[in-house]
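Here the structure of chain W is known, so what remains is to put chains E, D, C, X, R, G, S, Z and U in place on it, guided by the hints.
For reference, the chains in residue letters:
There are 10 protein chains.
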Amino acid sequence: MAKIEVFPNPAPQRRYIIEHVNNEFTSVCPITGLPDFGIVTVRYIPDKMCMELKSMKYYFFEFRNKGIFYEAVTNKFLDDFVEICQPIEMEIVTEWKTRGGMNSTITAKYTKNNDVITL
Amino acid sequence: MAKIEVFPNPAPQRRYIIEHVNNEFTSVCPITGLPDFGIVTVRYIPDKMCMELKSMKYYFFEFRNKGIFYEAVTNKFLDDFVEICQPIEMEIVTEWKTRGGMNSTITAKYTKNNDVITL
Amino acid sequence: MAKIEVFPNPAPQRRYIIEHVNNEFTSVCPITGLPDFGIVTVRYIPDKMCMELKSMKYYFFEFRNKGIFYEAVTNKFLDDFVEICQPIEMEIVTEWKTRGGMNSTITAKYTKNNDVITL
Amino acid sequence: MAKIEVFPNPAPQRRYIIEHVNNEFTSVCPITGLPDFGIVTVRYIPDKMCMELKSMKYYFFEFRNKGIFYEAVTNKFLDDFVEICQPIEMEIVTEWKTRGGMNSTITAKYTKNNDVITL
Amino acid sequence: MAKIEVFPNPAPQRRYIIEHVNNEFTSVCPITGLPDFGIVTVRYIPDKMCMELKSMKYYFFEFRNKGIFYEAVTNKFLDDFVEICQPIEMEIVTEWKTRGGMNSTITAKYTKNNDVITL
Amino acid sequence: MAKIEVFPNPAPQRRYIIEHVNNEFTSVCPITGLPDFGIVTVRYIPDKMCMELKSMKYYFFEFRNKGIFYEAVTNKFLDDFVEICQPIEMEIVTEWKTRGGMNSTITAKYTKNNDVITL
Amino acid sequence: MAKIEVFPNPAPQRRYIIEHVNNEFTSVCPITGLPDFGIVTVRYIPDKMCMELKSMKYYFFEFRNKGIFYEAVTNKFLDDFVEICQPIEMEIVTEWKTRGGMNSTITAKYTKNNDVITL
Amino acid sequence: MAKIEVFPNPAPQRRYIIEHVNNEFTSVCPITGLPDFGIVTVRYIPDKMCMELKSMKYYFFEFRNKGIFYEAVTNKFLDDFVEICQPIEMEIVTEWKTRGGMNSTITAKYTKNNDVITL
Amino acid sequence: MAKIEVFPNPAPQRRYIIEHVNNEFTSVCPITGLPDFGIVTVRYIPDKMCMELKSMKYYFFEFRNKGIFYEAVTNKFLDDFVEICQPIEMEIVTEWKTRGGMNSTITAKYTKNNDVITL
Amino acid sequence: MAKIEVFPNPAPQRRYIIEHVNNEFTSVCPITGLPDFGIVTVRYIPDKMCMELKSMKYYFFEFRNKGIFYEAVTNKFLDDFVEICQPIEMEIVTEWKTRGGMNSTITAKYTKNNDVITL
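Note that the protein sequences, when read in sequence, are chains W, E, D, C, X, R, G, S, Z and U. With the first letter of the first sequence counted as 1, position 87 gets the number 87 in the numbering used here; the numbers rise by one all the way through. With the first letter of the second sequence counted as 1, position 46 gets the number 1046 in the numbering used here; the numbers rise by one all the way through. With the first letter of the third sequence counted as 1, position 42 gets the number 2042 in the numbering used here; the numbers rise by one all the way through. With the first letter of the fourth sequence counted as 1, position 50 gets the number 3050 in the numbering used here; the numbers rise by one all the way through. With the first letter of the fifth sequence counted as 1, position 59 gets the number 4059 in the numbering used here; the numbers rise by one all the way through. With the first letter of the sixth sequence counted as 1, position 72 gets the number 5072 in the numbering used here; the numbers rise by one all the way through. With the first letter of the seventh sequence counted as 1, position 86 gets the number 6086 in the numbering used here; the numbers rise by one all the way through. With the first letter of the eighth sequence counted as 1, position 58 gets the number 7058 in the numbering used here; the numbers rise by one all the way through. With the first letter of the ninth sequence counted as 1, position 32 gets the number 8032 in the numbering used here; the numbers rise by one all the way through. With the first letter of the tenth sequence counted as 1, position 81 gets the number 9081 in the numbering used here; the numbers rise by one all the way through.
Isolated chain W, as found in the complex:
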C-alpha cells in the first residue's frame, strides 16, 4: 500500500479535532467486479502525529481497482489510520451510493478506553 505520511502534531499539548472528508472514494465490488462509489469521513483527535493529506489521497487511490466489502474497507481504514498516527480517538464513516435501489452507511470508532457503540 501507499504509505501515508505523518508529521509531528504541531500542538501535542492540546486535544483538538481534525476532520478529512473524501467525496470521491471508489473501489470495486468483490462479487460483481463493478465499481463502488462512497464518501469517506475521517475524524480524529491526534496524539503525537498527524496524517498528511496528499499521501492520504494517494492511499485512497490504491483502492480504485481493489475488490473489497464495505464493512472490510471501513474497518481497514480505522485499523490502518490508528496504526499510522496513534490518535487519542478516531471515527470513520463510509456512505455508499445507491446500487439496485439500496444504499449503505458503515460507522466504526476507536477510543483508547473502548467505549461501546449502540444503535
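Among the hints, a few may not be true.
[Claimed, not checked] No farther apart than 25 Å at their CA atoms in a straight line, the calculated lysine-lysine pairs in the BS3-like style are these:
#, chain 1, residue 1, chain 2, residue 2
1, U, LYS9054, R, LYS5054
2, C, LYS3097, X, LYS4097
3, S, LYS7076, Z, LYS8054
No wet-lab data here; the hints were simulated from the structure.
Frame of chain W, contents of chains E, D, C, X, R, G, S, Z and U only:
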C-alpha cells in the same frame, strides 16, 4: 425463500454500525391484492457474521408478489435477519407510501437484553 | 359506526411501533356546518391486536358529514382505538387546516400507567 | 368584549394539548395609530372547559381598532383565556411584523404551580 | 441620548419574555469612519417596566453617526436598557455585516444572579 | 508578523461572547506550493482585552504567501490570539475548500481549566 | 390487456390539459429480469373522450411482471392511449430510477399534425 | 472497446427523445495521472436503433483507467454513439468535478443538417 | 506571464462549447493593496486549439499578488485567451466578492464578426 | 459632493458591461426624517472612462444624512454618473426596503440615442 448469504465479520473485535436502506421495496396488500411500496431500513451491530448485500436484494425481490401485512413483514425481516446473522443489536424501519390518503411507518428492534420501546 | 377490523399481532412477543397517518380526514364544524380538513396521526405499540388499515379508512369516512368539535373527535379516536385494539401505548395528533386565518392542533395520549402530558 | 364561548371538555379524565394559531391578528399601535399585524399562538391543556373557535375569532376581531401595546395584549389574552376556561396549563406567543425595521415577539405562560420562565 | 420611554409592565405578577429585533441598525467604525450595519436583538423578562418601541427606535437612530466598537455598543445597549427598565433578565445579540471578508457577532447577557456564559 | 491591536474590554465586569468569521482566508500548501482557501472562525470570551478587527484582518493577510499546514495554522491562531488578548475562553474552527476531492475541518479550543474535547 | 375505460369529454368545445402521474410504475428489465421502477407522466388535450383513472391504474399494474425496454413501454403507452381516447395532443414522459449509477428519461409526443421534436 | 449493443427502435415512425445520465463516470487525467470524476448526459432522437443501457454502462467502465482530456472524451462519446446508433439528433454534456478550485463543462451536439452552436 | 498550454482541438470539424469556472481567483486592489476575490467564467467555442486546464490554473495564480482593476483583468483575460487559442467565440464573466457593501460583475465577449453588446 | 474618480477604460476598443451593486445605501426620508435603506445597481457600457469603486462608495456615503425622495435620488445618480464617465449606455435601479408593509423599485436608463423605456 432466497437465502441471504453471510460472510465473516471482518472486524469482530469491534462494535460498529452497518446500515442498509432499500428504497424500492414492493409487496402486495393481502386484502385488496394491490401493490404496496415501501422504504426498508436495516441497521445493526454485527457479531460474527455480516449480511451480503446482493443476496439481500434477492431476498427482498421475493416479496414482489407476496400478500403480507406491513406489521407482519416488518417483524419477519427482523426475525429472519436476526436468525441469519445473529447480530448484537438490530433495528428495522419500514415506511409505506400513501394509500387512499393514508401512509404508515412500522419500527421494530432487537437487542440482546430486550430493551423496551416507548412512544 | 363502521367496525374497525383487527387482526392478531404477528409479533406479540415484541414491543414495536405502528404509525398510520390519514392526510385527508374531513368532518363538519358543529357550529357553522362548514367542512373541516385535518391530518390525523395514530401511533401505537400493539399488544395482542393490530388495526386493519382499510377498515380504518372506512371508519374515518363516516365522519365526513358528522358535526363534531376538534377536541371531541381527537379524544373519540383515542377512546375508540384503545377499546378496539387494547394497545400498550397510543398517541393521536390531529392537525386542522386554516379557517378564517386560524389553524389548530390537538394531541392526546394513552399509556397504561397514565403518564402526564405538559406543554 | 365579545364573549368567548366554552363547551365542556369532552375528555376531562385525560391531559391533552390544544393549540390554536391566528395568523391574521391585527390591532392598532396606541402611539402612532397605525395598524399592527401579528401571529397569535394559544396552546393549553384544558381542565373542565374548552374554548370555542368561532367565538374566539370574534374575540380577536374586537382588537381591530383598539390601541394596545404588544405586551399588554399578550398578557390580556393569557388573563382572559385563563379566566374563561380555567386550563391546567396555557402558553401565549405573539409575533409582530416589521415596523420601521423592527419586529417583536412576546411569550407568556400560565401554570398552576407558577413555573419560572428564563431566557 | 434620546430617552427610551418606559411604561408600567401590564403583567408584573408574571414572568414572560419580550423580544425586539432591529434589522437596520447602523453606526460608524471609530477607526475608518466608514458605516457599519448590524442586526440588534434585545430579549428580556420585564420586572416593573417595559421599554416603549418607538422611542427605542429613536434611541437606535442616534448611533447613526457615532463612532463606536461592536463590543462597546453591545455592552452599552445592555447597560442602558438594564438601567432604563430594570429587567429580571436581558440578552443582547448584535450581528454585523461583512467588512473586508470578515463578519462578527457579539452576545452579552444580564441576569440578577450573574449566570456565567461559556463557549 | 503584523501586530494585532488590542483595546481595553469595554465591559470587563461581564462575561460575553465575541465571534469573528473570516470568509476569505488564504495561505499556501507547504508541500505543493498551491494556494489553500479557508473560512476561519474565532470565538472568545474576553478578559481585559479585545482584539481590534482591522489589524486582525492584516494579521490574516500575512499568511497569503506562507506555506503552512492546516493543523499548524489553526493552533498558531489559537496560540497567538490567546497570547495577545488573554481571553477567558477561545475556540478556533478552520474549514478548508475541496482539494483533489477532499476537504478538511480543524477545531481547537482554549479554556482556563483545560476542558477535554472528545469526538 | 386490461381495457382502459373512457367517458365523454365534459367540455369538448374547449381545449384544456389533463395530466396523470403514476409515481409507482414498475416493470421488469428484459435482460436481467430485475425490477425497474419509474414515474410515468401522461399529459393530453382531450377531444371527444377522457380516460378513466381507475381502469388506467389497472392497465399499469399489468406491466408489474412484464419484461420490456424503457423505449418500448413509453411508445406503447402513447400508442395505446392515443388509440383509446383519440386526443388532440398527448405527451408521455417516463423517468427511471438509478441503476448502476445511470438513470434515464424517455419523452414521446403525439400531435395531429405530427410536429417534429428537436433536442 | 466494449461493444454497445443496439436494439431496433420500437417506434421508428415517431421522433421522440431518449436521455441517459451517468452520475458516476470516472477517467484519468492524461497529465497528472489522477482520477477525474464527471456526470455524462446523453440525449438523442433515435432513428432505426436504440442503445442498450447495460452495455453502455460497460462501455463507460472502460474509461476508468484511461488517460484522456475532457474535450476528447466528450467528442469521442458523440462520435462513437452517433456511429453506433445513427440517431437523428444527439447531444453530449459532460460536467467535471472541481479540481484546484476549477470546474469544467463541455457540450457537443450532432444534427443531420449540422446546426451551428453559438455562445 | 505563465504560458497557457494549448493542445490540438480533438474535434475541429465540429462547433462545441467548453466552459471553465475558477471559483478561487484572487488578485490585489491597485488602490488599497488589499486582496480581491472573484469567480472567473471562461466560455468558448474552440477552433484549432484548446486551452490546457492545469497551465490555465497556473496562469490565474500569477495574479495572486498583482494590483489590477476588475475591468482591466477581465479584458486582459479575453485578450490573452483569444490570442492563445484563437477561438471562434469567447465570453469572460468576472464576479467579485462584496467590498464595503458593494459587489461588481464585468462581462466581455469576443466574436469573429464583432457582435455589439447592449444593456 | 465627493468627486467620483475615473480612470481610462482599459479596453475602449470593445463594448463590454460593468455592474456595481451597493447593498448598503442609506439616505433620509425628506418627510419623516427617518432613515431609508436601499440597494443601488449601476450597470453601464463604458466609453473612454470607467468609474473608480472606492470613490463611488464615498459618493454614496454623502447621502447618509440627506433628505431626498426615491425618485429624485435615482435620477440624480443617473445624471451624475453619466456626466462623470460619459458612458455609451447606463442603467440605474434602486430597490427600497419595506416601510409600513410597502416596498419600491425605481429604474432609469440613459442611451446615447435616447431609446424609450417601456414596461
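We went through each hint and held it up to the structure:
1. LYS9054/U with LYS5054/R: 17 Å, holds
2. LYS3097/C with LYS4097/X: The hint holds at about 22 Å.
3. LYS7076/S with LYS8054/Z: The given pair, whose Cα atoms are some 22 Å apart, holds under the 25 Å limit.
Checked against the numbered hints given earlier, the structure satisfies every one of them.
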